[in-house]
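A.B. asks: For the protein sequence lines, the chains are S and X, in the order given. According to the numbering used here, the first sequence is numbered sequentially starting from 1. According to the numbering used here, the second sequence is numbered sequentially starting from 167.
Keep in mind that the hints were calculated from the coordinates and are not lab data.
In silico SDA-like cross-links for lysine to any residue, where the CA-CA straight-line distance does not exceed 25 Å:
| hint | chain 1 | residue 1 | chain 2 | residue 2 |
| --- | --- | --- | --- | --- |
| 1 | X | 360 | S | 12 |
| 2 | X | 226 | S | 75 |
| 3 | S | 160 | X | 305 |
| 4 | X | 360 | S | 161 |
| 5 | X | 466 | S | 79 |
| 6 | X | 504 | S | 75 |
| 7 | X | 466 | S | 41 |
| 8 | S | 160 | X | 343 |
| 9 | S | 32 | X | 354 |
| 10 | S | 17 | X | 373 |
| 11 | X | 360 | S | 9 |
| 12 | X | 466 | S | 45 |
| 13 | X | 357 | S | 157 |
| 14 | X | 457 | S | 38 |
| 15 | S | 94 | S | 79 |
| 16 | S | 17 | X | 360 |
| 17 | X | 464 | S | 75 |
| 18 | S | 160 | X | 360 |
| 19 | X | 226 | S | 107 |
| 20 | S | 22 | X | 315 |
| 21 | S | 105 | X | 224 |
| 22 | X | 464 | S | 46 |
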Amino acid sequence: MTNTATGIVRALNSGIKHIATKRFTLRYPEEKLKFVGDGYQFDPSTGVGIAGLKGRHMLFHDHCTGCQLCSIACEGVAEAIAMVKVPEEQKQNKKSIMPQIDYGKCVFCGLCVDACPFYALYMTNDYELSSFSKEGLIYTPAQLAVKPYVEQDSEIVITKNGATHG
Amino acid sequence: MTAELPPGLAIQKVDERIMTLNVGPQHPGSGHMRIIVQIDGDYIVACDPDPGYVHRGEEKMAEYRNYITNIPHLERPVIHDSCNVLYPYVLGVEELLGIEVPERAKYVRVICSELNRCIYTMYWLAIYGIFLGHSTMFMWPAGDRELLIDLMEKISGARVTHAHFVPGGVRNDLPPNFEEVCLRQVNYFEKRIKEYAAVFYDNPILISRTRDTGVLSREDAIRLGTTGSVLRASGVDYDLRQKEPYDVYEELDVHSNVMKEGDSYARSKVPWLDMMESCNIIRQALQKMPKSGSVRVKLKPNPKGKGLDSVYKRVESGRGSLGCHIVSDGKVEPYRLKLSVGSFRNLIALPYLLKGEKLGNMPSVYWSLNYWPVEADR
Ligand code: SF4
Ligand code: SF4
Numbered sequence: 001m002t003n004t005a006t007g008i009v010r011a012l013n014s015g016i017k018h019i020a021t022k023r024f025t026l027r028y029p030e031e032k033l034k035f036v037g038d039g040y041q042f043d044p045s046t047g048v049g050i051a052g053l054k055g056r057h058m059l060f061h062d063h064c065t066g067c068q069l070c071s072i073a074c075e076g077v078a079e080a081i082a083m084v085k086v087p088e089e090q091k092q093n094k095k096s097i098m099p100q101i102d103y104g105k106c107v108f109c110g111l112c113v114d115a116c117p118f119y120a121l122y123m124t125n126d127y128e129l130s131s132f133s134k135e136g137l138i139y140t141p142a143q144l145a146v147k148p149y150v151e152q153d154s155e156i157v158i159t160k161n162g163a164t165h166g
Numbered sequence: 167m168t169a170e171l172p173p174g175l176a177i178q179k180v181d182e183r184i185m186t187l188n189v190g191p192q193h194p195g196s197g198h199m200r201i202i203v204q205i206d207g208d209y210i211v212a213c214d215p216d217p218g219y220v221h222r223g224e225e226k227m228a229e230y231r232n233y234i235t236n237i238p239h240l241e242r243p244v245i246h247d248s249c250n251v252l253y254p255y256v257l258g259v260e261e262l263l264g265i266e267v268p269e270r271a272k273y274v275r276v277i278c279s280e281l282n283r284c285i286y287t288m289y290w291l292a293i294y295g296i297f298l299g300h301s302t303m304f305m306w307p308a309g310d311r312e313l314l315i316d317l318m319e320k321i322s323g324a325r326v327t328h329a330h331f332v333p334g335g336v337r338n339d340l341p342p343n344f345e346e347v348c349l350r351q352v353n354y355f356e357k358r359i360k361e362y363a364a365v366f367y368d369n370p371i372l373i374s375r376t377r378d379t380g381v382l383s384r385e386d387a388i389r390l391g392t393t394g395s396v397l398r399a400s401g402v403d404y405d406l407r408q409k410e411p412y413d414v415y416e417e418l419d420v421h422s423n424v425m426k427e428g429d430s431y432a433r434s435k436v437p438w439l440d441m442m443e444s445c446n447i448i449r450q451a452l453q454k455m456p457k458s459g460s461v462r463v464k465l466k467p468n469p470k471g472k473g474l475d476s477v478y479k480r481v482e483s484g485r486g487s488l489g490c491h492i493v494s495d496g497k498v499e500p501y502r503l504k505l506s507v508g509s510f511r512n513l514i515a516l517p518y519l520l521k522g523e524k525l526g527n528m529p530s531v532y533w534s535l536n537y538w539p540v541e542a543d544r
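Construct all of the structure, not just a fragment, from the sequences and the given hints.
C.D. replies: Written out as structure tokens, the structure is:
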């Protein structure tokens with residue numbers, strides 16, 4: 001009986017001590033988590049990626065040759081990439097086709113980035129892609145070319161008084 | 167009623183005293199499955215687990231995708247433990263294709279899989295806590311997981327479903343300064359989970375609810391083919407990281423946690439002890455890891471197996487042994503892929519454990535089996 005009583009007192013005590021400790025509550029959207037680097041990138045010459053968040057893609061129109069390798073890579077995953085005609089005529093992209101990504105289907109695996117041999121497709125730190133309609137989730141090559149503005153600065157800070165998002 | 171039933175159908179004789187109760191599939195206490203229990207008053211006389219509500223056909227899907235595009239969907243069965251689910255597949259494909267993995271990549275894989283084991287176990291512990299009515303044990307693990315999820319996010323760029331392991335290594339190298347951050351957060355994490363003892367594991371209320379409920383003897387645990395923490399809680403020292411070391415586990419000092427009781431309490435405590443062991447392994451791996459070097463060998467596009475070949479690899483996941491059998495016929499897709507998962511093997515023990523228990527003990531026995539419905543269905 002005394003064992004039970006002391007056990008319960010210990011448990012309560014431990015709980016009460018934690019009233020003062022900091023907790024993991026990120027006040028999103030006022031605070032946003034900070035990520036390493038500028039998003040997931042891939043270096044085809046070494047065949048190794050560069051660590052970063054796998055968020056919305058970024059397409060560099062001056063590198064994309066319209067080779068469709070990203071679209072082929074995505075075929076087995078989510079079929080999120082469609083090659084569409086773009087109006088501009090660029091000398092490296094004679095067919096003038098570029099990927100258009102449907103974020104209603106994309107699972108953010110980044111295999112398309114690994115497949116691109118021309119440094120044309122990267123991922124960025126932007127993960128806020130909500131939209132009121134399904135069409136709003138389809139990003140055209142022109143939209144993908146825009147570098148998103150992200151302000152993310154909260155990191156996990158470990159203090160004597162517990163860990164928190166500072 | 168006259169015997170005018172179509173062939174194959176029969177009317178079941180029911181005892182007036184016995185009531186059949188469907189727990190689930192919508193009931194939150196059952197996970198994504200149904201448990202058909204027959205109760206006599208407050209006591210369970212029979213139990214029939216009925217999984218299959220989240221069957222996705224992972225194995226069939228794998229036959230239509232090549233060895234690389236199989237990666238994102240094969241980690242879906244357990245999104246919290248996605249590195250460990252992918253591990254046997256990746257090891258198998260490497261053997262099929264004859265790829266030698268760089269040393270640094272092996273250490274990165276070990277770190278990722280240990281982090282994932284802790285992330286999964288914390289999620290499981292949170293669920294276990296809330297179904298015993300202990301809401302503190304729901305809040306604390308759910309919050310403290312964040313430390314490790316943050317590390318996984320720094321490594322792989324995704325909070326769950328990392329898609330980080332590939333045949334030939336890992337997708338990308340660790341970010342700069344990672345060792346320091348990892349050590350700091352893992353040390354703090356270990357300090358935190360030790361605090362769970364006072365509030366949960368030494369709590370007399372938990373002990374009185376879980377001691378001597380659902381006792382699985384050592385012989386039964388072996389006979390029923392259970393695995394992982396369930397097997398180790400019944401006194402069988404069997405941890406694949408120790409017994410069949412894969413990648414660099416043989417160079418690390420792995421200690422497996424064994425308890426003899428075999429009751430719900432032991433089954434809930436072994437994963438918690440395993441988490442502390444994981445923290446040890448991560449620290450060792452960070453120390454022994456080569457400081458630089460490649461982490462991924464370049465594969466040619468659409469890698470193929472060499473003719474008719476098959477390979478079976480297994481690893482120790484958060485729920486026990488997880489095996490992957492790949493049969494290749496020399497094409498870019500596997501001919502057949504079979505996942506053998508720990509959850510399903512542990513579920514087999516449920517009818518034996520629940521017989522004679524009170525209905526109120528069902529959640530504690532059921533969740534102590536370290537069971538993940540989605541993984542069992544695949
Ligand atoms: S990230 Fe994955 S799912 Fe999304 S477009 Fe690329 S390959 Fe397809
Ligand atoms: S983004 Fe890369 S892979 Fe895709 S079409 Fe352009 S160059 Fe080819």
